[in-house]
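Line by line, the protein sequences are chains A, B, D and Z.
Taking UniProt numbering, I'd label the letters of the first sequence as residues 1 to 427.
Taking UniProt numbering, I'd label the letters of the second sequence as residues 1 to 427.
Taking UniProt numbering, I'd label the letters of the third sequence as residues 1 to 316.
Taking UniProt numbering, I'd label the letters of the fourth sequence as residues 1 to 316.
These aren't lab readings, by the way, just hints derived from the structure by calculation.
Errors might be hidden in some of the hints.
The calculated lysine-lysine pairs, modelled on DSS-like cross-linking and capped at a C-alpha distance of 30 Å, are [claimed, not checked]: (1) Lys-59(B) - Lys-34(B); (2) Lys-287(Z) - Lys-251(Z); (3) Lys-249(B) - Lys-19(B); (4) Lys-5(Z) - Lys-386(A); (5) Lys-382(A) - Lys-251(Z); (6) Lys-242(A) - Lys-180(A); (7) Lys-5(Z) - Lys-427(A); (8) Lys-382(B) - Lys-287(D); (9) Lys-386(A) - Lys-251(Z).
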Amino acid sequence: MAVIQLGDYIVIQRQKYTKLQKFGSLDATATLGKEHLELKSLLDQPYDSTFKMCVKESKAGKRGAQRQHSLELCSENELRSIRDVLNISSSGADNRDISDNGEAQALKSSDIEQMREACNESSKIIEKLVENSKTFHTRTEYSQDKYLLKKEKKYFEFVQIRQPTIRLMVDIFHRQDADKIMGIRVDTLSQIISYSGISGFGSYLLYESGTNGLLPAAMLNSMGAATDSTLVHMHPGNVPQKQAVLALKLPLEQQQRCISVNLYSVLREFYQGDKLETVEVTEESVKTEDNAIEQSEDIEPSSKKFKLDESRNLSKGPPRWQLENKRAATLMNDKFDSLVMAAKEHPSSILQALLPLIKPSRPIVIFSTCKELLQETYMELKATGKVTNLHLTSNWMRTYQILPNRTHPEVNMSGNSGYLLTGYTLK
Amino acid sequence: MAVIQLGDYIVIQRQKYTKLQKFGSLDATATLGKEHLELKSLLDQPYDSTFKMCVKESKAGKRGAQRQHSLELCSENELRSIRDVLNISSSGADNRDISDNGEAQALKSSDIEQMREACNESSKIIEKLVENSKTFHTRTEYSQDKYLLKKEKKYFEFVQIRQPTIRLMVDIFHRQDADKIMGIRVDTLSQIISYSGISGFGSYLLYESGTNGLLPAAMLNSMGAATDSTLVHMHPGNVPQKQAVLALKLPLEQQQRCISVNLYSVLREFYQGDKLETVEVTEESVKTEDNAIEQSEDIEPSSKKFKLDESRNLSKGPPRWQLENKRAATLMNDKFDSLVMAAKEHPSSILQALLPLIKPSRPIVIFSTCKELLQETYMELKATGKVTNLHLTSNWMRTYQILPNRTHPEVNMSGNSGYLLTGYTLK
Amino acid sequence: MSFLKPKTHIEQGDIVILYLSVNSMHAIEAVPTIVNKKGETIAHIFQTPYGSLKVQSIIGVEYGSRVELSKGWAYVLQPNPELWTQTLPHRTQIIYTPDISMILHQLEVRPGAVVVESGTGSGSLSHYFLRALKPTGHLHTFDFHEARADQARDEFKRHGLGDFVTVYHRDVCNLGFTSELDGVADAVFLDLPAPDLAVPHAFKALKLSGGRFCSFSPCIEQSQRCINGLIKLGFTEICSMEVLQQESVIKTRSLPVIDLEFLKMPKSSEANSIDDSKAKEPKELKKYLTSSCPQVLPGHTGFLTFATLPPNIPKA
Amino acid sequence: MSFLKPKTHIEQGDIVILYLSVNSMHAIEAVPTIVNKKGETIAHIFQTPYGSLKVQSIIGVEYGSRVELSKGWAYVLQPNPELWTQTLPHRTQIIYTPDISMILHQLEVRPGAVVVESGTGSGSLSHYFLRALKPTGHLHTFDFHEARADQARDEFKRHGLGDFVTVYHRDVCNLGFTSELDGVADAVFLDLPAPDLAVPHAFKALKLSGGRFCSFSPCIEQSQRCINGLIKLGFTEICSMEVLQQESVIKTRSLPVIDLEFLKMPKSSEANSIDDSKAKEPKELKKYLTSSCPQVLPGHTGFLTFATLPPNIPKA
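Take the sequences, apply the hints, and build the full model.
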């Protein structure tokens with residue numbers, strides 16, 4: 001089983017909350033709300049292990065106490081559910097006698113804070129809270145559960161460390177800031193993969209203007225290790241966003257089958273090829289900017305702005321980006337087996353440039369959160385006669401709570417799946 | 001309890017199928033698929049009675065036999081469910097041994113047709129079908145039910161006669177041809193009534209360009225009998241569509257509180273009032289066109305085209321439409337307590353003309369099936385500063401099958417609720 | 001008194017909706033003074049993020065007017081059930097306009113209707129029932145929580161609706177709707193944790209000539225049990241549904257239109273300088289008026305179960 | 001053989017999608033002759049509403065080309081799981097792309113994965129599994145219906161996928177997934193009327209290092225029982241959901257813009273004649289590019305229940 005190593009991206013899970021974190025050094029800490037976790041004890045432990053948060057010190061912060069914790073690998077026994085520990089049984093029939101006057105809890109918040117410093121075990125704290133609640137035992141089981149869940153969430157002291165997967169990452173990214181992945185929701189991502197037909201065979205073309213690396217990562221994941229498929233990943237910035245790709249920790253051979261190139265630069269290479277060579281090389285300089293994770297400006301970078309990954313190699317030959325452009329141009333000449341686009345720019349001109357690079361009878365998938373835009377693109381594509389079987393779709397997705405006598409759809413749902421325009425190229 | 005009378009609109013219900021029908025004369029027949037029902041025996045029977053369809057003759061038609069039925073009032077005993085009659089009990093565990101080779105039914109379709117002529121009782125026919133089905137008893141209960149339901153539907157021989165209500169009519173209209181009511185779905189209709197605040201008090205303004213009378217009927221229904229509220233109902237045609245209003249069979253005083261006027265004509269009256277009088281009267285002529293139910297052309301009718309309901313009164317004074325225009329203009333001068341619009345035309349110019357007629361702090365509700373249009377109208381209204389609390393909404397509605405061990409949302413749902421733009425006028 | 005019928009000017013004692021923004025509305029009582037916790041009579045000042053409002057100043061003002069706050073302004077609107085639902089003091093979970101509208105429609109409530117409701121809760125739905133059935137109908141509304149029933153009764157009176165409603169404190173699941181209400185109702189509405197227990201009482205309360213029934217349940221199991229009860233008693237047209245309203249947030253989006261054609265041209269040193277200046281120019285932007293839902297939507301409110309009691313079912 | 005990988009030209013024996021229109025596609029086998037019911041070998045002619053296609057004529061043609069029919073034309077497309085799902089011979093109810101996509105995502109299927117599926121049904125989902133896991137993974141698929149299992153096995157072979165799949169005829173609810181599959185699966189998928197009976201077998205088939213589970217059920221009660229089974233065996237991250245895809249039908253709508261301003265002007269007999277001619281002129285039209293859903297949409301396909309088997313759960 002895989003073990004946690006320095007340099008890994010890890011997923012930290014505390015109950016239903018998950019977070020993607022780089023375990024960059026032994027000094028690294030992770031922040032979950034007011035809790036700061038020292039990560040060093042994770043080293044060489046197997047993934048999926050659970051750790052106990054042990055308070056080391058507590059500092060007054062702007063919004064209440066900030067606590068520093070070390071992590072201790074814990075046994076399965078420690079993981080009995082808090083509900084088991086408390087073993088609540090007495091339950092009122094309904095809540096007719098509860099009046100919500102804010103005085104139901106006899107403990108003051110200062111008492112609770114103090115108690116929390118003293119005993120770090122959430123089950124103990126919750127036990128005390130329950131003891132001191134005047135209304136707890138008169139609540140219905142449903143409302144007891146809600147109360148416990150709320151308290152558990154606040155005081156739960158265990159975290160699990162998991163290996164990042166596409167499934168875990170799309171949840172994290174979408175929850176934290178859907179805009180950073182252009183609003184691509186899990187159902188939509190899953191359909192982009194289906195409709196584009198990404199798999200272990202074939203050569204694929206992606207244009208995206210910033211999804212934290214989620215789209216190239218998902219496509220690479222579906223291309224698999226030890227296969228022959230290749231991906232040309234075009235982006236509008238100086239450097240591609242790659243966080244999700246790096247987090248997957250793919251074998252090098254698989255990583256190298258994703259060729260990330262700047263849209264403008266690679267199209268110039270493709271259109272003009274050899275003519276270009278001498279000019280570009282002389283223009284080269286060594287100034288680099290490292291904003292790999294940040295959203296880069298979507299303008300054509302002049303060559304000198306390019307990041308030089310291996311500046312030590314500068315004297316030995318053409319820069320890496322130029323080699324990548326050449327690799328990409330070769331694949332562009334051979335044409336691709338599908339096209340995926342998620343553009344922040346107007347898709348028309350990009351589509352006009354990329355559509356001729358796709359073989360006939362191949363799927364194209366265009367994502368946008370703006371329906372009006374895709375309606376227009378639909379009409380444009382239809383008019384060209386180059387694409388058939390055009391469909392504009394969106395999704396409605398809802399999760400369910402399935403519990404004895406309490407089964408219903410979750411009360412909150414996500415409102416926007418975004419839209420997919422799909423079709424097949426013709427000869 | 002109300003009894004069925006000549007001239008009534010009635011709702012004929014056969015299982016889940018419902019139809020709105022005018023019981024215009026004793027010779028009237030209603031057509032349900034291939035079945036033709038003579039209505040005369042309905043006269044003076046109480047609403048909600050159930051009648052048995054008794055075959056009188058059967059003619060070969062283009063698409064199978066057309067059957068003429070008389071209707072016979074039937075007792076509750078005859079209404080035991082077909083399932084009870086058949087008392088199916090043996091039920092296979094699953095359908096692994098069924099192969100669908102089309103040979104499962106031993107009866108030929110000619111046999112069935114013959115049987116149908118001979119014995120008119122659907123339960124008997126279904127019994128025979130079940131007896132002759134090689135696979136029925138090996139099907140799962142679920143699949144047995146589906147089979148029975150399908151057969152029941154085809155051979156069910158009872159109809160119930162109900163009094164039209166808004167609830168029954170919106171179902172019928174939406175199912176038969178949603179376009180004829182401009183695509184207004186039940187949830188949307190219910191919200192138009194809520195958001196516009198139609199009730200027993202107040203004076204309301206409606207513009208609609210053709211909903212079979214559904215919108216004015218729903219508003220009149222909510223205004224109630226024996227109240228003081230009034231409705232000015234503007235429409236673009238020569239005559240208003242009124243089917244749903246007539247079907248409600250409202251007391252005369254209630255009917256008269258709905259003043260239906262042509263948009264152009266009443267605005268001219270409102271803007272120019274007295275100046276107009278002499279000119280119009282002289283222009284008047286008696287040519288009438290009766291296309292009350294048909295969708296009329298949405299152009300300004302010249303006065304001479306107007307329908308003259310009471311041509312006998314012609315010599316005695318101004319025509320009825322002119323009196324209605326005057327009544328409406330008086331209410332327009334007093335201003336209204338809400339505005340409802342469902343236009344097939346672009347709403348901007350209409351809204352511009354009608355919005356000044358609404359008192360401040362009053363709701364406006366604009367319906368359209370075109371979201372883009374309401375987005376634009378939203379922006380326009382926002383820019384005027386005359387309306388606040390603007391919301392653009394649509395609905396998602398789904399019905400459920402709730403049966404023991406077979407609970408799930410219905411497999412089909414309606415895709416379009418249409419959109420509502422709502423807001424409140426300001427001073 | 002501002003709930004009875006449309007009115008033009010704010011009178012003393014009216015409930016008034018102070019509209020600050022789409023997300024900020026408050027229901028305030030138009031009285032010049034209030035009694036504070038110490039029992040002293042003081043001027044009624046209402047605090048908002050845009051400063052304070054001296055409530056006396058709005059009495060006599062026309063509804064729909066703009067009123068000045070010490071650091072901004074607001075609109076005064078006449079309350080109605082929609083605005084009240086958005087501003088009322090929550091004493092329980094409430095039902096919102098999309099479900100309520102369907103309930104009123106399916107229960108065929110119109111002036112003159114007699115409606116039985118349980119529970120009263122925060123009175124949000126009650127206000128809708130009252131608007132729909134007044135001035136000729138009547139609402140009988142039940143709550144097992146005494147304080148809530150009292151509060152609701154008082155509220156209806158202050159809102160000018162007292163004549164059209166009777167509020168009962170009663171456990172209807174166990175005790176029914178009182179024998180006075182046998183056979184009087186056109187429609188019965190239940191919002192109870194165990195609706196199946198109240199179905200037989202609903203059956204009794206409905207008119208012999210029949211009527212409509214609705215139960216609102218958050219959980220599917222409650223609906224299942226309720227439907228079993230309805231079937232046993234001969235209810236027909238049983239139908240369960242969900243209604244979810246989606247709001248569209250309207251915005252203009254600007255998308256840069258990028259030029260890729262020039263990349264086909266050789267990049268001479270002269271042309272190059274032109275390209276560079278081009279790249280720095282503001283690009284062409286294409287504007288779209290578009291809309292999207294809020295990121296988080298209500299995914300579930302409750303299951304609505306409707307049914308018809310046919311006429312002449314013996315109630316022995 | 002046309003399912004294994006992207007290819008450019010139609011070869012003899014390929015399954016080819018004959019695309020007539022958005023609502024009319026057919027999967028045909030690119031063979032020049034077929035054997036008719038009388039046992040005679042005849043030319044393979046495919047009939048369409050636009051006339052017939054001599055199938056021999058498409059062999060060697062590039063995928064994506066337009067081919068002539070006797071009364072029209074069509075496109076020939078290379079099949080893939082999406083197109084196959086829309087054209088395959090239905091032997092059972094099938095699952096469609098929106099649900100399938102979520103299943104593949106949640107089961108984390110990628111090249112190299114070992115997946116256990118029950119039932120095989122019409123093989124629609126199996127084709128998706130195979131695309132996602134080949135060339136290094138394997139699909140074990142079970143059906144209790146012998147003819148269906150045989151048909152599916154044959155089909156996979158003809159589609160060039162035989163190396164990556166094993167088809168079993170077996171009643172897995174009662175007999176499990178065979179002991180050879182104990183602890184080999186990365187993911188288990190169930191589409192069974194009683195998934196709870198197969199949950200313990202799924203548990204056994206999953207790797208000791210853990211794995212993902214999915215059950216597809218049309219009814220909520222099946223999901224409830226399945227979840228009970230999952231909880232008992234220590235599965236975590238249990239989550240049920242629905243995915244419904246909505247298609248947008250795009251159209252241009254023209255709305256007349258009507259002029260009401262002229263009504264404010266007195267209608268002199270001179271002006272009148274002008275008005276009249278105006279009224280007969282074609283009015284100004286405003287065009288909107290808009291879309292709506294089809295009138296009837298799929299309202300329910302099934303509930304998807306997902307779960308994780310954590311690593312190192314003893315399987316004693």
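Quick rundown of the hints versus the structure:
1. Lys-59(B) - Lys-34(B): 10 Å, holds
2. Lys-287(Z) - Lys-251(Z): 10 Å, holds
3. Lys-249(B) - Lys-19(B): The given pair, whose Cα atoms are some 17 Å apart, holds under the 30 Å limit.
4. Lys-5(Z) - Lys-386(A): Distance of about 23 Å is within 30 Å: holds.
5. Lys-382(A) - Lys-251(Z): Distance ~12 Å between Lys-382(A) and Lys-251(Z) Cα, so the pair holds.
6. Lys-242(A) - Lys-180(A): 12 Å, holds
7. Lys-5(Z) - Lys-427(A): 19 Å, holds
8. Lys-382(B) - Lys-287(D): Given pair Lys-382(B), Lys-287(D) holds - Cα atoms ~18 Å apart, limit 30 Å.
9. Lys-386(A) - Lys-251(Z): Holds, because 20 Å separates the two Cα atoms, which is no more than 30 Å.
The earlier numbered hints are all upheld by this structure, with none contradicted.
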